[in-house]
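With chain L's structure known, arrange chains B, W, E, Z and S on it following the hints.
One line per chain: the protein sequences are L, B, W, E, Z and S, in this order.
Mapping of the first sequence onto our numbering: position 269 corresponds to residue 276, and the numbering continues sequentially without gaps.
Mapping of the second sequence onto our numbering: position 173 corresponds to residue 180, and the numbering continues sequentially without gaps.
Mapping of the third sequence onto our numbering: position 246 corresponds to residue 253, and the numbering continues sequentially without gaps.
Mapping of the fourth sequence onto our numbering: position 21 corresponds to residue 28, and the numbering continues sequentially without gaps.
Mapping of the fifth sequence onto our numbering: position 104 corresponds to residue 111, and the numbering continues sequentially without gaps.
Mapping of the sixth sequence onto our numbering: position 114 corresponds to residue 121, and the numbering continues sequentially without gaps.
Calculated from the structure, these hints are not laboratory results.
Incorrect hints may have been included.
A pair holds if it fits inside one copy or across any two, identical chains being indistinguishable in the list.
[To be verified] In silico DSSO-like links for lysine-lysine, alpha-carbon gap of 30 Å or less:
(1) Lys262 - Lys13
(2) Lys262 - Lys100
(3) Lys273 - Lys13
(4) Lys273 - Lys262
(5) Lys62 - Lys13
(6) Lys209 - Lys273
(7) Lys13 - Lys100
Predicted model, so just to flag it, every value in this text is computed and none were measured.
6 protein chains.
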Amino acid sequence: MFIHNKRLQYTVRVGETNPALASLLLEQFGGPDGELAAAMRYFTQGLAEDDPGRKDMLLDIATEELSHLEVIGSIVAMLNKGVKAQLSEAALKEAELYRSLTAGGNSHTQAILFGGGPALTNSSGVPWTAAYVDSRGEPAADLRSNIAAESRAKIVYERLIAITDDPGIKDALGFLMTREIAHQKSFEKALYTINDNFPPGKLMGVAPFADMYVNTSQGEGDMTGPWNDGEQWTRVDDLDEVMPADDGDGVPTVKLTRAESTAATKLAARTQSVPDEDVQTGADLGAGPGAGRVTGGTDLGSAPSIAKAVKPAK
Amino acid sequence: MFIHNKRLQYTVRVGETNPALASLLLEQFGGPDGELAAAMRYFTQGLAEDDPGRKDMLLDIATEELSHLEVIGSIVAMLNKGVKAQLSEAALKEAELYRSLTAGGNSHTQAILFGGGPALTNSSGVPWTAAYVDSRGEPAADLRSNIAAESRAKIVYERLIAITDDPGIKDALGFLMTREIAHQKSFEKALYTINDNFPPGKLMGVAPFADMYVNTSQGEGDMTGPWNDGEQWTRVDDLDEVMPADDGDGVPTVKLTRAESTAATKLAARTQSVPDEDVQTGADLGAGPGAGRVTGGTDLGSAPSIAKAVKPAK
Amino acid sequence: MFIHNKRLQYTVRVGETNPALASLLLEQFGGPDGELAAAMRYFTQGLAEDDPGRKDMLLDIATEELSHLEVIGSIVAMLNKGVKAQLSEAALKEAELYRSLTAGGNSHTQAILFGGGPALTNSSGVPWTAAYVDSRGEPAADLRSNIAAESRAKIVYERLIAITDDPGIKDALGFLMTREIAHQKSFEKALYTINDNFPPGKLMGVAPFADMYVNTSQGEGDMTGPWNDGEQWTRVDDLDEVMPADDGDGVPTVKLTRAESTAATKLAARTQSVPDEDVQTGADLGAGPGAGRVTGGTDLGSAPSIAKAVKPAK
Amino acid sequence: MFIHNKRLQYTVRVGETNPALASLLLEQFGGPDGELAAAMRYFTQGLAEDDPGRKDMLLDIATEELSHLEVIGSIVAMLNKGVKAQLSEAALKEAELYRSLTAGGNSHTQAILFGGGPALTNSSGVPWTAAYVDSRGEPAADLRSNIAAESRAKIVYERLIAITDDPGIKDALGFLMTREIAHQKSFEKALYTINDNFPPGKLMGVAPFADMYVNTSQGEGDMTGPWNDGEQWTRVDDLDEVMPADDGDGVPTVKLTRAESTAATKLAARTQSVPDEDVQTGADLGAGPGAGRVTGGTDLGSAPSIAKAVKPAK
Amino acid sequence: MFIHNKRLQYTVRVGETNPALASLLLEQFGGPDGELAAAMRYFTQGLAEDDPGRKDMLLDIATEELSHLEVIGSIVAMLNKGVKAQLSEAALKEAELYRSLTAGGNSHTQAILFGGGPALTNSSGVPWTAAYVDSRGEPAADLRSNIAAESRAKIVYERLIAITDDPGIKDALGFLMTREIAHQKSFEKALYTINDNFPPGKLMGVAPFADMYVNTSQGEGDMTGPWNDGEQWTRVDDLDEVMPADDGDGVPTVKLTRAESTAATKLAARTQSVPDEDVQTGADLGAGPGAGRVTGGTDLGSAPSIAKAVKPAK
Amino acid sequence: MFIHNKRLQYTVRVGETNPALASLLLEQFGGPDGELAAAMRYFTQGLAEDDPGRKDMLLDIATEELSHLEVIGSIVAMLNKGVKAQLSEAALKEAELYRSLTAGGNSHTQAILFGGGPALTNSSGVPWTAAYVDSRGEPAADLRSNIAAESRAKIVYERLIAITDDPGIKDALGFLMTREIAHQKSFEKALYTINDNFPPGKLMGVAPFADMYVNTSQGEGDMTGPWNDGEQWTRVDDLDEVMPADDGDGVPTVKLTRAESTAATKLAARTQSVPDEDVQTGADLGAGPGAGRVTGGTDLGSAPSIAKAVKPAK
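Isolated chain L, as found in the complex (with noise of 0.2 Å):
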């Protein structure tokens, strides 16, 4: 059960209305790194975990990070209390009013669509989705995509922090990404507090494709380095030995029953192509008297291909 105390986990001080910036923090309210999508993920994963330690460590984290989820959401709170009052109160005039929606992030939807309160949108007002929530009940793979999560938020937060000089803001931000570190740290240690946790999981794999690095990306710029390269890896570099990489030739098939077979006789005769003549088409049709000299052309502005690529004038 969870239970609320209205003090914050960390003081919000704010220096001055900005709905601009309040609409690029919400990356962090609503976005797919921010602290709704961290609570989600280990509420989540906490309910179905039977392992006493890690279900703790998992309830512990995601109540902390919906607290996060209130100290973010009252920074953007903060930031758009004037537009909010303001568009609320038609206090300003239209054009001003008008000009301060326009000026620049996704500040006119904040302030239109949601009155200023902070809305569970990324920066660019796609609304949050659990789609974002990865987890999947194993926690050799759970485990892991907790970590790059917050690897992923702790980035994010340091870029935000980069173009914020608001000291009040900052200071929260770095109290928020820091967190994410800590929490990092947690989750590495519960990983490897699991023996023989890679591969993830039961099975080990088939054998001869485990060490196999397939080099599909050639020409210039093919590299070698720990991860294709050295004793563990058998480096496939001519294509042709893996096309296909078993005994087979490389075919799907699948048998039918009769019926089916039937069924699809009647489909490939009914759809079938008949690609020995040449045929007369809509595009042909529809082709007016320059379509059969695509120009060049000479050059006709910046670009010397476009230049003269323009259907003649009637």
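Chains B, W, E, Z and S alone, transformed into the frame defined by chain L:
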């Protein structure tokens, strides 16, 4: 530039058609941990990457994931080959077709909407979204995301293997699952080849908060482990200490201009609640004669509390 | 700041596992009227609210909804506990696992993708989206939205109670349903404690249009009632009167600059249709020998009109 | 069946083109409280409604909302008429067109993707989704949802009026806003014409929980009001009383079959954490020489705490 | 199987960085008509296609579209290269970085969330969704969809060319645009190579309704043209003729079982409206003293009708 | 302005209720090719269209599609009428209701969430999104999109007809399907009435690339046909010729300012990989004693390769 060869990276041999199974396998075609998500994650990272080694690796693996997308999509196409032909040729009685489409999973949509072609949805029919792609442009974060993504994909393949007894499908899934293990190994190597990769990014974190563990979930079930206990942790059990964690009062504030302040005052006056007096409400108006006696009552079925919590017959 | 205690707000006693039922209950975990939607609706309102009474109430109820999210999620986790273990340990034959996952509802995705953990989706597997949260930052609108949301949630719980015969689940759902009733009552009180809450906001409305009822759907079934008839309504039955409702001509216009006007003329010339002459089309090209005789014909099955509306065999 | 007349329900007179303003007005075309959402909410309810009076009202208002969709879409089309022609005819220098599309709001997407036509997105470019439609098929809930939706739409129109100084647009928005007031009145009448409409649905609620107010957010700022205090409320301040609210132990349980239990034991063994020993982690491997001394340090800019929290130069 | 070469299909030469322009170009990377949509449309069709000619063509073009995705993504990466480095290294003052991110378009999200890497969103930041892929598994429909998709993509490239004056970018966009023209031609050829491709599919249509044009939008502006007039059309101007178009009464009916009928009767009784009496509503309760006099009044600004439609000051 | 008459455009006579079938039919109510998508596609085009003939046609057909939305929604409402009443009145035993909702398709969500009303989702429960609407504001593209959309809708109706044996439903679906054919014919006429409609838009294309066919998918299965062979095509089989297609080196470049260049150098230094030395990774730490011997092994079940690829028991 991409080139394609019609041979698959692994031969697909499907024993018999099964559209319901096909709809489950879509999880790895158009699901969040599926092959399109993998390909696009590494491809978008590779395009923006300047480190030549990482760029090469990302493009190698992105390209291979596209080939895996082709393998899993080919399995789906084979499993659907019967229903595709029979539905488009109306080759069965209506009731038989209806039954074949409602036999489980989401095969009904796969047949009716997508005509048996492999659709970029997950196993519930949710369309693939780029919200699944968590590339952030910082390698120490992105590589951790890639490690996590490979872990998750490995687990989902393991689960699909567990529900499939067609040896040809099982074989191909085993190949695909194993390649995720190999890719995870590559990404691990690439991560640890970056010196000083923790914490990711440029900022270190604000000292007092990086080693703090906040025990926000308390009560029975409180546990300790390396993730919250030991010399590297400062553990906070008395939560008053972090309400707030700084030396402020935990209350959010912002400095308003005079004009903002005036508008805020008007807004407050217009929308104030008058809590001292009780009021009649819409619910009061709407409550019927039974409303005053919300009941618990005697046992009228399986759940005592629901028993008689029913509006009285009129 | 949030604090958590591992005891639930209501004890969850599940009689036996049932992943299909679990997938139905997700409607109140990650569905549009579920507990996350409720918690986030009130939480975002509370953060931006300055009225102390409403702020306290919104945070109280938001926090309680998080505890309800925990209760419903715990029921789901219990119902999935068997399939989670059996799938991850491959503890059943493939065919048995396959059957257990295709027994109804969307349990297949819950097991394969989410590993039996409670997922923030609705009962069709649609991920939760913040598009469900309709906070607008004006209390006279938001409180009405909250009243409506509680009404909807109450109904969905009622339906889930109707399909569940496990007394422990029914009991917990009864508790959760009843709390929605209590919350609706609180929001009703808070709404009517605002003087002059209708119409919401600051503007009253333009007089002639506020009492007008436009009878746009006519024909048999036209009815009257307090919603369109009586002394407070001006009813418009002759729709020509409101084509348009003002004294204009009902045609949209805009003043263009000379440059805009010139471009518009060019655009019109380039894309004009030449309706006077008939034209051959792609459909004409593509229509086979049977195309000219779209048929209705004799009864060839259950629906007369479909009977022979079939392309002739070749 | 629907019939259309090309005259609008309200004459649209736009003073000058302005694609940025157009993109803001889209909030009421394709936004969550826009006219399509309104039309579809009432239309889907109307189709399933059997009560003749409500059915007629729902279809009347749904139809009118379609006419409003036409009015707001026509305003958008007028505002975009210049950019549409100039972009499609390349009638301005590239730099001028570029500037005209990046002048605020989301007009860039409206022009590049939608060619200046009114798009069914909100003011941030988020496509309209049926997730906005909250019809539930129970009139006592649906009518409350409709009342709330009209309240929200009224507020959004009010905000758009506040930022527009074009008298023709303002006039049309005033009409549309006022019609929302009228519609809210109709839905209120229809709700209270149902006897015994609270609580909505058939079940009354479990007695002890319907009047309980749980004071989950405590600390400074705790308030009372008619929503949580007075004779109809049982207020719970000591939260231990509702951990849990029933007489159980607040712990979730489920009865497993023997086979499920065996699998669960195996799963627990495979994934157990071994919390007694400290472990080396990936973060330990990755931390550079500066990792041990996460610093706070001296003031190096606007925020003291961020000051020197920077990785040491190498 | 896919193979990659690090050389692009077209050389990308960007004159100077410009993150706002980059965010506009994303329309063709992750937008609905962008290269990923194209690649996935043809790839999913190709996998399920059995006709060898069409299969080859679809895989050829799908593969080329992936190469185009790489070209457009590389342009975006080049345009973002400055902001990526400066943001991640905090190489500018906060205010300068802030300004560089709020200069138009959606570049703020591209920088903060995606770190300057090309993101699979459109120019408003909307994540790519497989809802854009409209493959249906019937070639006579799919080829028409492909023709339309190429037409749309061509137009969006044309618009991007019109707003860009960087010759290198313009050149590459010209190449990409032209390839859409070539692809449209291929799909046209493939469509008309299928005999009897109209109407698509197997059924012809029910005779009387295939040539009927229903003039549902009437009033001034009613026009004729080859699309609704001429010998192949039966035009319906008197809409009563098609209310309904069959010989029934236009009323929906269903046969209920006795049990269903009983339940329906109960439902009707419980939720019936009692339209004969007027009722007091929540709106009546909430309307303040000004509510009775919704005003139009004197001119108080730009729009007469809004003038005094303001709640009276208290 | 829209007007409505309660008579349907086609009489709906449903033989018996069937919520599972209802959930399949939703494909044409709220699916991507359904009637709402059609109505909104033409309506948004019509609002922005200035050509009087096309505008009239688009509004005619948009309005008719709304009437079709009503027909298909009425069928769904009839099919759900039993479950709606029985669920809301709890008129069946819990187990019976549960079974009736899990009988196939997505009827569970339709009943629990939407109460049996027609919901704007597809047959998998995915909410309708305006991402389905591909209006681009250029008639030569939009009309092709409309032609394609009608083709797709026709096919989906054909499939629904194939799975339904209720003659009344089949009859109505036949009407709706046929109207799609008629609409496609209108759009074809309108397209070819525009002179010079190919390529769509104003630019012709850069000459050398408009007739080039790039044979990117090679190997067995390479085919020729009118789409890639013949006098109008320049076919490229040696792909080195188009790596790149221009005379450059196929490498992306951008000119950086000095400040950008400095930051880029710092970024490269901070995140460089040190590929020369092998490194220990998290996977190395996590691999258990069995990790070194990823096995293939003897046959232990249906798929040889999976056989013993299992972690050793401890």
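Hint check:
1. Lys262 - Lys13: between (65 Å within a copy, 20 Å between copies)
2. Lys262 - Lys100: between (73 Å within a copy, 22 Å between copies)
3. Lys273 - Lys13: For Lys273 and Lys13, only the inter-copy Cα distance (25 Å) is at most 30 Å; the intra-copy one is 70 Å.
4. Lys273 - Lys262: within (17 Å within a copy, 38 Å between copies)
5. Lys62 - Lys13: both (26 Å within a copy, 10 Å between copies)
6. Lys209 - Lys273: For Lys209 and Lys273, only the inter-copy Cα distance (11 Å) is at most 30 Å; the intra-copy one is 45 Å.
7. Lys13 - Lys100: Close neither inside one copy (36 Å) nor across copies (35 Å); limit 30 Å.
Checked against the numbered hints given earlier, the structure breaks only hint 7 and satisfies all the rest.
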